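Those protein sequence lines, which keep their order, are chains A and B.
Our numbering puts the first residue of the first sequence at 2, with every later residue one more than the last.
Our numbering puts the first residue of the second sequence at 7, with every later residue one more than the last.
No wet-lab data here; the hints were simulated from the structure.
A quick note: this is a predicted structure, and the numbers were derived from the prediction, not measured.
Heads up, a few of these hints could be off.
[As the list claims (entries may be wrong)] Once the Cα atoms are required to be at most 25 Å apart in a straight line, the calculated DSS-like pairs of lysine-lysine come out as: (1) A:Lys461 <-> A:Lys422; (2) B:Lys151 <-> A:Lys461; (3) A:Lys441 <-> A:Lys293; (4) A:Lys389 <-> A:Lys461; (5) A:Lys226 <-> A:Lys389; (6) A:Lys281 <-> B:Lys330; (7) A:Lys281 <-> B:Lys49; (8) A:Lys172 <-> A:Lys233; (9) B:Lys49 <-> A:Lys98; (10) B:Lys222 <-> A:Lys281; (11) B:Lys232 <-> A:Lys293; (12) A:Lys147 <-> A:Lys98; (13) B:Lys49 <-> A:Lys441; (14) B:Lys8 <-> B:Lys18; (15) B:Lys330 <-> A:Lys147; (16) A:Lys293 <-> A:Lys281; (17) A:Lys389 <-> B:Lys222; (18) A:Lys461 <-> B:Lys49.
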Amino acid sequence: MRRTCYPIGMALADSYFARKFGVTEQNLETYLGEALSQGGDYADLYFEFVATSAVTLDEGIVKSASQGVTMGVGIRVISGERTGYAYSDDLAPERIKQAARTAACIASAPAKVLKHDLMEGEKRNLYPVLTPPTELSLRTKVDLVKRANAAARAYDPRIFQCTATYADQVKQILVATSDGVVNHDTQPMARLNVSVLARQGADLPQSGYSGGGGRVSFDFFLNEKTPEYFAKEAGRQAIVMLDSVEAPAGEMTVVLGPGWPGVLLHEAVGHGLEADFNRKGVSAFTGRIGQKVASELCTVIDDGTMESRRGSLNLDDEGAPTQRNVLIENGILRGYLQDKLTTRLTGAGNTGSGRREGYQYIPMPRMTNTFMLAGESEPEEVIRSVPKGIYCVNFGGGQVDITNGNFVFSASESYLIEDGKIGRPVRGATLIGNGPEALKYISMVGNDLKLDEGVGICGKEGQSVPVGVGIPTVKIDRMTVGGTA
Amino acid sequence: MKPLELTQDIVKMALEQGATDAECTIAEGEEFSVSVRLGDIEKLQEATSRSAGLRVLVGQRSGSAYTSDLTAEGIRRMVQSAVDNAEVTGEDPFAGLPERADLGQHTGDLQLFDESIGSLATPAKIEQARRAEAAFLAFDPRIDKSEGGSFDSGISGRYFANSRGFAGSYRSSQCSLTAVPVASLDGAMERDYWYSSARSPLQLDTPENIGIIAAKRTLRRLGARKVPTQKAAIVFEPRMARMLLSHIGEAVDGDAIYRDSSFLAGKLGERVASENVTIIDDGTMPGKWGTLPFDAEGVPTRRTVIVEKGVLKSYLLNTYTARKLGLQSTGNAGRGLSGAPYVQNGNFYLEPGSLTAEEVIRRAGTGLYITEVLGNGVNIVNGDYSCGAQGLWIENGELAYPVSEVTIASTLMEMLNSIEAIGSDLEFQSTMAAPTLLVKEMMISGT
Numbered sequence: 002m003r004r005t006c007y008p009i010g011m012a013l014a015d016s017y018f019a020r021k022f023g024v025t026e027q028n029l030e031t032y033l034g035e036a037l038s039q040g041g042d043y044a045d046l047y048f049e050f051v052a053t054s055a056v057t058l059d060e061g062i063v064k065s066a067s068q069g070v071t072m073g074v075g076i077r078v079i080s081g082e083r084t085g086y087a088y089s090d091d092l093a094p095e096r097i098k099q100a101a102r103t104a105a106c107i108a109s110a111p112a113k114v115l116k117h118d119l120m121e122g123e124k125r126n127l128y129p130v131l132t133p134p135t136e137l138s139l140r141t142k143v144d145l146v147k148r149a150n151a152a153a154r155a156y157d158p159r160i161f162q163c164t165a166t167y168a169d170q171v172k173q174i175l176v177a178t179s180d181g182v183v184n185h186d187t188q189p190m191a192r193l194n195v196s197v198l199a200r201q202g203a204d205l206p207q208s209g210y211s212g213g214g215g216r217v218s219f220d221f222f223l224n225e226k227t228p229e230y231f232a233k234e235a236g237r238q239a240i241v242m243l244d245s246v247e248a249p250a251g252e253m254t255v256v257l258g259p260g261w262p263g264v265l266l267h268e269a270v271g272h273g274l275e276a277d278f279n280r281k282g283v284s285a286f287t288g289r290i291g292q293k294v295a296s297e298l299c300t301v302i303d304d305g306t307m308e309s310r311r312g313s314l315n316l317d318d319e320g321a322p323t324q325r326n327v328l329i330e331n332g333i334l335r336g337y338l339q340d341k342l343t344t345r346l347t348g349a350g351n352t353g354s355g356r357r358e359g360y361q362y363i364p365m366p367r368m369t370n371t372f373m374l375a376g377e378s379e380p381e382e383v384i385r386s387v388p389k390g391i392y393c394v395n396f397g398g399g400q401v402d403i404t405n406g407n408f409v410f411s412a413s414e415s416y417l418i419e420d421g422k423i424g425r426p427v428r429g430a431t432l433i434g435n436g437p438e439a440l441k442y443i444s445m446v447g448n449d450l451k452l453d454e455g456v457g458i459c460g461k462e463g464q465s466v467p468v469g470v471g472i473p474t475v476k477i478d479r480m481t482v483g484g485t486a
Numbered sequence: 007m008k009p010l011e012l013t014q015d016i017v018k019m020a021l022e023q024g025a026t027d028a029e030c031t032i033a034e035g036e037e038f039s040v041s042v043r044l045g046d047i048e049k050l051q052e053a054t055s056r057s058a059g060l061r062v063l064v065g066q067r068s069g070s071a072y073t074s075d076l077t078a079e080g081i082r083r084m085v086q087s088a089v090d091n092a093e094v095t096g097e098d099p100f101a102g103l104p105e106r107a108d109l110g111q112h113t114g115d116l117q118l119f120d121e122s123i124g125s126l127a128t129p130a131k132i133e134q135a136r137r138a139e140a141a142f143l144a145f146d147p148r149i150d151k152s153e154g155g156s157f158d159s160g161i162s163g164r165y166f167a168n169s170r171g172f173a174g175s176y177r178s179s180q181c182s183l184t185a186v187p188v189a190s191l192d193g194a195m196e197r198d199y200w201y202s203s204a205r206s207p208l209q210l211d212t213p214e215n216i217g218i219i220a221a222k223r224t225l226r227r228l229g230a231r232k233v234p235t236q237k238a239a240i241v242f243e244p245r246m247a248r249m250l251l252s253h254i255g256e257a258v259d260g261d262a263i264y265r266d267s268s269f270l271a272g273k274l275g276e277r278v279a280s281e282n283v284t285i286i287d288d289g290t291m292p293g294k295w296g297t298l299p300f301d302a303e304g305v306p307t308r309r310t311v312i313v314e315k316g317v318l319k320s321y322l323l324n325t326y327t328a329r330k331l332g333l334q335s336t337g338n339a340g341r342g343l344s345g346a347p348y349v350q351n352g353n354f355y356l357e358p359g360s361l362t363a364e365e366v367i368r369r370a371g372t373g374l375y376i377t378e379v380l381g382n383g384v385n386i387v388n389g390d391y392s393c394g395a396q397g398l399w400i401e402n403g404e405l406a407y408p409v410s411e412v413t414i415a416s417t418l419m420e421m422l423n424s425i426e427a428i429g430s431d432l433e434f435q436s437t438m439a440a441p442t443l444l445v446k447e448m449m450i451s452g453t
């Protein structure tokens with residue numbers, strides 16, 4: 002990707018931190034100078050200001066409304082393979098300099114001088130939000146959760162509990178690096194969740210959950226995905242599960258529905274392709290670039306540039322532009338997800354995958370929006386081809402052991418398939434497989450690629466970041482299903 | 007201004023702005039962490055932080071706000087937005103602070119803070135991490151990679167005041183030393199870990215012990231295979247038994263109980279587990295990780311019997327959930343800086359039995375000894391349990407060979423009711439603790 006650079010001056014002045022805290026180019030150079038005072042090879046500054054709001058409705062009452070502000074700056078110094086890190090939640094120059102000196106101590110060499118003039122990085126806007134959600138009144142947001150509650154309870158009389166939460170945030174960031182990049186971004190995020198419980202007679206209750214959002218305007222919830230849409234979906238899941246039977250146990254054919262079941266890709270291959278693990282040689286995918294790790298029907302992409310998506314970023318948390326990265330092409334492993342450190346140490350190109358939860362954390366390679374390209378099969382044809390198996394359409398979450406490659410993901414809504422027809426719903430069950438092997442059993446890929454609704458949160462080494470996933474209908478000939486029957 | 011006085015000031019400001027009740031928390035912390043990989047420092051991080059949270063009531067409506075901007079302006083904004091937020095919430099007859107009579111704190115030394123937390127200088131901490139790693143790297147040639155050794159330490163302070171006259175604070179210290187080896191056999195890799203945690207570096211296990219235990223745990227996973235799908239006995243090692251217990255903790259959480267979203271809701275006084283099962287929550291045990299002088303609402307912590315000889319005796323409750331259920335708070339309020347208090351366990355543990363771990367395994371005869379569960383396929387609402395698992399196959403009452411890529415499934419109710427043997431090996435490494443447990447039968451899904 003070609004990068005165009007502009008002199009910094011005016012653009013920095015546009016940033017939130019220049020306007021609100023008077024941060025100047027000279028300040029940034031001073032802090033970076035302190036950070037390199039012990040001879041580090043590289044340093045960067047990450048300024049962050051986050052304003053959040055959330056309202057929760059439970060038992061028909063809006064029980065809580067909350068707003069908050071966090072801010073701080075994280076300073077990183079790299080010296081060879083070493084990383085020093087310090088942060089301050091006070092933006093006074095003296096405190097920032099002190100943190101810079103703390104991080105600087107990771108190195109022990111003559112002080113380095115900043116060689117590069119700071120240049121403004123490429124500008125783009127993947128999430129044009131006209132009115133930041135933090136500027137809307139809480140009452141407007143309260144209406145959303147009230148509508149969701151009314152719609153969920155109206156869906157079916159067997160629904161006896163509903164909790165609806167709306168949460169949003171606007172994150173302002175400013176990144177300055179010793180290799181000469183200054184960039185800033187405004188990152189909105191909004192999400193509406195609905196969870197319900199339904200009961201039939203004296204049976205134990207069943208739950209249903211739905212939610213979505215992204216880096217979207219508030220209008221999204223009024224025009225595109227309304228509270229009623231999410232409420233009905235949560236209600237539908239809970240009611241379906243009232244008739245569920247025990248899930249089967251053992252190896253069998255598994256068909257995944259489109260959308261959120263893409264969490265398979267996130268767990269089975271995504272984490273194992275993060276370059277920090279591969280640099281250390283501890284991923285089940287280490288040394289496999291160019292090898293076949295999936296059936297030739299599989300092409301898997303991680304794309305941080307999709308408009309308004311939850312996992313998208315104009316620039317990553319190290320100031321590099323995000324990209325569309327091909328991870329697996331027709332079954333062949335093509336590359337890892339790289340950040341600045343792995344790029345420095347391995348010589349690979351930066352894929353714009355450096356992310357962090359906030360200013361208190363060191364960035365590392367992470368996924369953005371991870372999905373499989375559509376194939377050619379009609380979804381109905383995929384189901385019809387299965388004499389006996391299970392069809393999974395909704396999942397809770399998943400987990401992976403990147404070293405041995407074993408991954409799990411937990412199905413919350415699935416159905417038996419018998420003689421090519423969808424049968425009864427089954428209780429929740431965990432599916433388990435091995436990363437470099439599981440995708441080799443994919444024998445059909447649908448033409449119906451769908452991305453998730455915008456609910457993904459990915460945790461790694463104690464840091465959570467928003468992500469997206471997507472997948473078309475796929476048929477996996479063999480996978481272990483952890484039921485009880 | 008001192009933090010405790012600041013919380014009291016913020017409460018006053020909230021009352022002046024129209025709140026009828028208020029409670030304010032300030033959390034501060036100092037943290038240090040270093041990781042060493044292949045003998046050299048990989049990451050070193052040091053920082054201090056401080057932020058405040060405020061919850062107000064205006065009549066029966068509540069609102070909250072938090073900030074890390076503790077300037078006068080930042081605090082003024084927090085107070086204003088908490089009061090504003092209360093205007094958009096609904097009247098909740100059960101909302102409110104604890105009654106004055108319920109407020110209080112333990113004044114004796116609960117040993118949460120050890121002065122010797124600062125006894126190790128940075129180079130000594132780095133050396134501890136280096137030794138833990140060196141111990142596993144030297145242990146066996148099959149350990150040929152490393153995810154490092156690390157030393158973490160921190161001091162945190164908590165300050166809390168409310169408009170009903172409560173003010174209290176405490177400091178706590180913690181440190182831990184961790185080792186993460188990677189071993190290979192025929193091109194397949196396995197990773198495991200071990201750690202020790204304490205209030206002071208002087209109480210930590212030696213780096214060599216930690217490294218060697220981590221090494222043994224990792225090596226015994228090599229060459230794992232899948233087993234056929236079958237029903238069999240399951241033994242949970244203490245670390246995994248603790249995870250199982252954490253699901254029980256969620257199921258007795260007052261929030262889940264009053265919403266009827268727990269399989270244990272409405273079962274007070276009923277038999278919910280085998281007769282050998284007794285579960286306690288005790289927030290007053292000196293030095294332990296779940297110990298506090300008062301909970302997040304200013305109610306003193308206490309010892310509560312949750313399950314006694316298989317019978318459900320109590321839920322875990324804060325003020326709100328207790329009022330909803332017509333019960334008394336068990337001093338189990340927890341909170342982040344924002345929002346309403348939630349329920350948080352103290353030291354939540356399953357009482358040990360008299361058998362050694364080996365005897366529990368022997369009693370299983372044939373089955374699976376679980377050393378790791380993967381995923382969160384546990385549904386508290388209906389008790390369904392289905393998780394990925396890794397461990398060792400038990401044959402003739404002995405550990406025989408490693409197993410991976412299988413799932414174990416049942417329901418929490420059935421599991422609780424079929425605990426056939428309980429080990430004596432109870433250790434408090436976190437706020438939850440359980441000894442080795444034998445569950446009579448679960449479905450193992452494999453080949």
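List of violated hint numbers, smallest to largest: Those not satisfied are hints 1, 4, 5, 6, 8, 12, 13, 17.
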